[in-house]
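2 protein chains.
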Amino acid sequence: MQSEWRRNGKRFQFVTRGDAGVFHDNNAMRAPYGLEIIENCLSCPHREERLFCNLPEPSVKALSAITSSASYPKGATLFVEGQPARGVFILCSGRVKLSTSSADGKTLILRISEPGEVLGLPATVTGSCYELTADVIEPAQANFISRNEFLNFLKENGEAALRVAQQLGETYHAAVSEMRTIGLSHSAGEKLARFLLEWAANYPEDKGQIRIKLTLTHEEIAQMIGSSRETVTRLLADFRKKQLLQVMGSTLVIKNKAALESIISG
Amino acid sequence: MQSEWRRNGKRFQFVTRGDAGVFHDNNAMRAPYGLEIIENCLSCPHREERLFCNLPEPSVKALSAITSSASYPKGATLFVEGQPARGVFILCSGRVKLSTSSADGKTLILRISEPGEVLGLPATVTGSCYELTADVIEPAQANFISRNEFLNFLKENGEAALRVAQQLGETYHAAVSEMRTIGLSHSAGEKLARFLLEWAANYPEDKGQIRIKLTLTHEEIAQMIGSSRETVTRLLADFRKKQLLQVMGSTLVIKNKAALESIISG
DNA sequence: TGGCGTCCGTGATACAAATCACGATATGGA
DNA sequence: TCCATATCGTGATTTGTATCACGGACGCCA
Numbered sequence: 008m009q010s011e012w013r014r015n016g017k018r019f020q021f022v023t024r025g026d027a028g029v030f031h032d033n034n035a036m037r038a039p040y041g042l043e044i045i046e047n048c049l050s051c052p053h054r055e056e057r058l059f060c061n062l063p064e065p066s067v068k069a070l071s072a073i074t075s076s077a078s079y080p081k082g083a084t085l086f087v088e089g090q091p092a093r094g095v096f097i098l099c100s101g102r103v104k105l106s107t108s109s110a111d112g113k114t115l116i117l118r119i120s121e122p123g124e125v126l127g128l129p130a131t132v133t134g135s136c137y138e139l140t141a142d143v144i145e146p147a148q149a150n151f152i153s154r155n156e157f158l159n160f161l162k163e164n165g166e167a168a169l170r171v172a173q174q175l176g177e178t179y180h181a182a183v184s185e186m187r188t189i190g191l192s193h194s195a196g197e198k199l200a201r202f203l204l205e206w207a208a209n210y211p212e213d214k215g216q217i218r219i220k221l222t223l224t225h226e227e228i229a230q231m232i233g234s235s236r237e238t239v240t241r242l243l244a245d246f247r248k249k250q251l252l253q254v255m256g257s258t259l260v261i262k263n264k265a266a267l268e269s270i271i272s273g
Numbered sequence: 008m009q010s011e012w013r014r015n016g017k018r019f020q021f022v023t024r025g026d027a028g029v030f031h032d033n034n035a036m037r038a039p040y041g042l043e044i045i046e047n048c049l050s051c052p053h054r055e056e057r058l059f060c061n062l063p064e065p066s067v068k069a070l071s072a073i074t075s076s077a078s079y080p081k082g083a084t085l086f087v088e089g090q091p092a093r094g095v096f097i098l099c100s101g102r103v104k105l106s107t108s109s110a111d112g113k114t115l116i117l118r119i120s121e122p123g124e125v126l127g128l129p130a131t132v133t134g135s136c137y138e139l140t141a142d143v144i145e146p147a148q149a150n151f152i153s154r155n156e157f158l159n160f161l162k163e164n165g166e167a168a169l170r171v172a173q174q175l176g177e178t179y180h181a182a183v184s185e186m187r188t189i190g191l192s193h194s195a196g197e198k199l200a201r202f203l204l205e206w207a208a209n210y211p212e213d214k215g216q217i218r219i220k221l222t223l224t225h226e227e228i229a230q231m232i233g234s235s236r237e238t239v240t241r242l243l244a245d246f247r248k249k250q251l252l253q254v255m256g257s258t259l260v261i262k263n264k265a266a267l268e269s270i271i272s273g
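If you read the sequences in order, they're chains C and E.
Heads up, the first sequence is in the numbering used here, so the first residue is 8 and it goes up one at a time.
Heads up, the second sequence is in the numbering used here, so the first residue is 8 and it goes up one at a time.
Where hints are given, some of them may not hold.
Pairs count within a copy or across copies, as identical chains cannot be separated in the list.
[Stated by the list, open to error] Cross-link-like lysine to aspartate or glutamate pairs, in silico, EDC-like; alpha carbons within 20 Å at most: (1) K68 <-> E226; (2) K262 <-> E163; (3) K81 <-> E163; (4) K162 <-> E64; (5) K113 <-> E268; (6) K68 <-> E145.
To be clear, the hints were calculated from the coordinates, so they are not data collected in a lab.
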């Protein structure tokens, strides 16, 4: 199995060993991203955390038998939009960017996946093509399960199938949420405020202030809210000037949550 | 069970008989939308079409035992965004608009549901709140299954759970597709072209021409592509002037599909 | 150490599209 | 049939923000 892809004007080549593939950029004169099969792991720290927590013991064993773990460096690509679904990736560590892009190179990021999430699930269960591209933005370790084995497993384990349905429901929920920030805003400022508040929802609040970690470039933020890099820069500067937030490296402190919320109300 | 909601400045009251509820607008001085339990139907024409086609016979029986059918007039609301999920609606006939709206009344339509689709599925399986509002735009008949009974059914019927997962995957796919039209376009014209082509994908092509039925107001189209009513009117007029399409009442003929596609690309 | 690539900051400019405002048509219920 | 309401069509105006252009800061590697 070997094929080529184009994305953002760069040429990509698909390299696979076993079933878990990884893409590398042929234009960059570097060694191909290493793909290292670590083990048939039973002990991923997130194995039981979300998708298959508390499954009956036989199911867990059956699952681990078909799972293979691999690690991916920053910049690696788990799968590409439009490519027939090979299977699912259960993210154990690191972070992965899920995006789609148009013919002219514009990119829309739908989601930054955290450890514990399952990537490629919708396409795998429906048997269609991956609808998004998954790029590693922080060195990641992931468990791969091929489509056939995964579907067979689900057929045998009704409980797991229900879990999968739930995970899909949550994924959909997140997508709708993302659509709201992009589609219901009158201005870019509103979009950015919505984005920051949603991002902050995962962090604890301490008397009106929230410290959040935002390891994204302005460019990437722009791609998440559907605006340009420059406006993101300007808006962040603006928010800082208005004492709404504070930036120290990759950590961002929301100083005035209420004011941010009032931006999205009008 | 009785409660009130606010949406777009109007007051709604929730009326339920059995488990299938319907909302009506108290400001309109009309009789409440009728909710008429027709039968515990085994014979919905779409029962077997999508979600539960070819299930083993006992499963079908179990399903029909917990299903109740009702009909809803135009303007009725099956469920409202933010309301705890009561169950799923399997649409037998008619069409339903799925939307979300912001505090200031702006509305984003995510999808127009056709017969055979299952509404409220994501929220029901995850046990959260409906993330969208479902309004009937063409008189509809739908089968309702309450959350508890539906989940129990899924636990007992692994095959059905898998089917549900697939349906959810397709729903997600459609959502991503919608995001692309809204998020990846540079201009409103591009969005409209994307929307029309996607809509036309369900209709047969006859030597470059496609006749599609588009029973949506300009306002609604605007809410689907995230722009204003006026620009939709202007753009449609523009497209007609350029011989890209032709409008006769609620049917729309795409005369030059290639040209529409070229709008998207550049 | 010097070069190179990526990322951030900021000005000037142009243009698309939201908004406002109004009239013309359709539509549907009493 | 007639009136009320929804929907459409179009002009004038204004504003937000994409885009272009450039310079500076920083990290990385030869």
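These are the hints, each one checked on the structure:
no.	hint	verdict
1	K68 <-> E226	neither (43 Å within a copy, 54 Å between copies)
2	K262 <-> E163	neither (51 Å within a copy, 50 Å between copies)
3	K81 <-> E163	neither (36 Å within a copy, 43 Å between copies)
4	K162 <-> E64	both (16 Å within a copy, 17 Å between copies)
5	K113 <-> E268	between (29 Å within a copy, 17 Å between copies)
6	K68 <-> E145	neither (29 Å within a copy, 50 Å between copies)
Figure legend: structure checked against the earlier numbered hints; hints not met, in rising order: 1, 2, 3 and 6.
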